[in-house]
Amino acid sequence: MTFWLLLTVNSITFGGLLFLLAAGFSLIFGLMRIPNLTHGSLFMLGAYFGATFAGGMLAITFNFWIAVLMATILVAIFGTVIERFLLRQLPGQQMAQVLVTLGISFIVADFCLMVWGGDPVRVDTPESLTGFIRYGPLVFPHYRLAVIVIAAVATVALWLLLDRTRLGAMIRAGVDDPDMARVVGIRVSQLFTIVFALGAGLAAFAGIIGAPILSVYPGLDQDMLPLALVVVILGGSGSLLGSFVGSIIIGFIYNFGQALLPELSYFVLFLPMLVVLIVRPQGLFGRFVP
Amino acid sequence: MSRRFIVFVAGFVALVTLPYWMPGVYYLNVSSQILYYAVFALGLNILAGYGGLVSLGHAGLFGIAAYAIGYMLQAGYGHPVAILTALVGGMASMALYAVLSLRATGIGFIMITLALGQIIWGLAYRWISITGGDNGINLHGRPHPFGFAINSPVAFYYTTLVVFLLALASVAVFVRSPLGAALMGTRDQPRRMTALGYHVWAIRFWACMFSGLLTAISGVLFVYYTQFISPQALDLTASAEVLLMVISGGAGTLFGPIVGAALVIVVKSVVSGFIERWNMLLGAIFVVIVILMPEGLVPGTTRLWRLARRKAGARASRKTELEAASKAEAKP
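Residue numbers (our numbering), protein chains in the order written: chain A, 23 to 312; chain B, 18 to 349.
For reference, chain B alone in the conformation it holds in the complex:
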């Protein structure tokens, strides 16, 4: 526990001091991207990891929040109204998603959410009078929360960091709460949970709403970061990418989605500067992860680490035994 605490504090300090040691604004911006995608992945992990409900349509919700901001700002409303609309819109869409897709679990859930995501993508792409079609919507300026301008990369980074830490804390609390435990129960033993008197559907529904809230928040951060929203942000690839962040990092773990988000964003925006075929590399990384550690990077590495330590421990104890034995032999 204490070692975990040290790692946690070290990570926190590293994140807070990041603008001071990160070389260059470019890498600071990449860090902001990782953080808001991590919020997205944390949100999806609630469903895919803790609820066993794999959604391939979450980019649609993300996109609805982003488009809501763009549309409201264009219509002349202020930032607070726009953000509120985005969050309410994202949650309302999630409620609709949940009502339709919670009729199924497993592969059925994947397919229904995928189709719903495609509907939203199709609307964004074709309903040009609202969304601007392929041209998207441009934003002008970022909000000033509590009179604090977040136009500079450093200020935006800290805003994202605060939101990210709040999201992480809320997920940590959720997982330890009775609702979180019940959600994991519905993932592992839905029939037993029903027999115990739990309302499985309602538990899943509220998990969906929490997931939808985090997704909408990350959509808001995304659109304020890029100042631009187009259908590309919510196509199937986008949904797949965030799901891959969750699964590759480790679904159903607190830190897995964050590691996954860092992996995908680093390959996408940093490695792609050096390797032209970065998409192939990303695909190959996913396949290798499945082969070597199908449970994901974080649990997989923990498992290998424990195994290595146990082996090293066994070797060390054998060594001391041998030494003791040789000493005992040497004595007489």
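Same shape as in the complex, but just chain A:
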């Protein structure tokens, strides 16, 4: 019983992180129809930046939350630069988009290796959250519970942004029918920049929030990108609800798979995605078939 409950908490924590990562991927994919293969790199970059600011690698050691904010903003700016100067030049050219996003992910991976070396970088949990909650035989680290709360708050905030604001309405219009959105006077290309920056920032945010749990290491980008992809295919692209449900499902499958079927853990991870593709190609809550 203890085992199952712990596994459940871990699954929800991981699902929350995945949601932060995948929501941006899904929005970028839904709106711009770009497979953003740098998304894992943005996650890793955010984690490394945060580790640098919070871990005393610079002259000043920042408070963890300030480090989170700085890393998020930095990566969001990086995302804006990628969108403005590279992806903007390549509308509808899928091959070129794949080539350039993969090229950037190679550069980022090697940059991280150059700056932070090959050893994993540990990020300490913020001091205020180092404790545990004991509940009978169960021990829950505060930080893991905090991640769940943070992910939940971010989910609600994103939902409010997309569902209740003018910007959100414009983004949804752009996802559903970009041409019609242009006709009614929405500057879709401006939305591209905003959404890309938002997605990049969210990925970086997930990276640094997850860093105390996952630690930061070379290859983190390659580990996270396929997960984001599976979530988006499972949940459906361009749908926030889809990303949310997909993330939680994958969070559970990932953790339970690792614990129960270690030999086939990756196989069971990708299996539900295949089933969804066959039965419902647009994903569980998708707005269109990619």
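Since the hints were derived computationally from the structure, they do not count as laboratory data.
Warning: the hint list may mix true and false statements.
[Said to hold, decoys possible] Below, simulated SDA-like cross-link-like pairs (lysine to any residue); rule was C-alpha separation at most 25 Å, straight line: (1) 285/B x 132/A; (2) 285/B x 141/A; (3) 285/B x 239/A; (4) 285/B x 123/B; (5) 285/B x 211/B.
Given the structure of chain A, go ahead and fit chain B onto it with the hints provided.
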């Protein structure tokens, strides 16, 4: 046409005589690597270039062929059985890939193939009882096709060269065949092709099978070259690298993937000896290619070459005009 023929003959002669002018065994081995990766890239180009179906999971097929060799040899079978199993296994996996991923095109196809490639990688990495996990499988010895030992680098190079030339010829024939033309039709105008009565799905399926065959062949060459197979050979980076070979060289051209394979392998194995940050260099090369010649190196260079020649031609004709005019002025 004649100039193209001369270039082709020159390239052929250079490849055949390569062991005689290449300085050192190391560079000969790099050449073998380029050739079998070129076969891989040619195979992927069938789909990504001529079919418009960009696959990011081809390293999985490559890996299945390589693992099949390793597993069968370990189980005590001979080389012919192992190679046959590898080819059949690669093709069968490709058929499965095709059935699942041809439900989509465009980005959907990319994502499904990527996920399939990751499944195979995950199995290779974690199904330790079959694949040896991270330790991989070691091979002992290369086969003796027709009683001809291919253990030396030179012999292996020639074997790879023969396979490469056969693959190149088969792709050239395929592209000119009705099936190749139909495939390009489904890439450019799928709805019109359907309206014309073509079975778009079947055309794409058979293109997939051809691509899978070439991929499996290159996987076999790879595993006999390195004598070792581990999950690293089929991870996402490997799939990305071969796709980048195709796109950077020029998708949908016959020679583009070969140039791309040479570029990537040279940077990976030769330049990496001089520059520690070769991965960054490779990434930067890709970004620069996208900015300067988004259609790829081979078509891009051809375009620039034609442009330069037309400019030079225009300048030359203007020059002769001016000369003629000055002569005409000087005469009276």
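Quick rundown of the hints versus the structure:
1. 285/B x 132/A: 13 Å, holds
2. 285/B x 141/A: 22 Å, holds
3. 285/B x 239/A: 22 Å, holds
4. 285/B x 123/B: 29 Å, violated
5. 285/B x 211/B: 43 Å, violated
The structure fails to meet hints 4, 5 from the earlier list, while all remaining hints are met.
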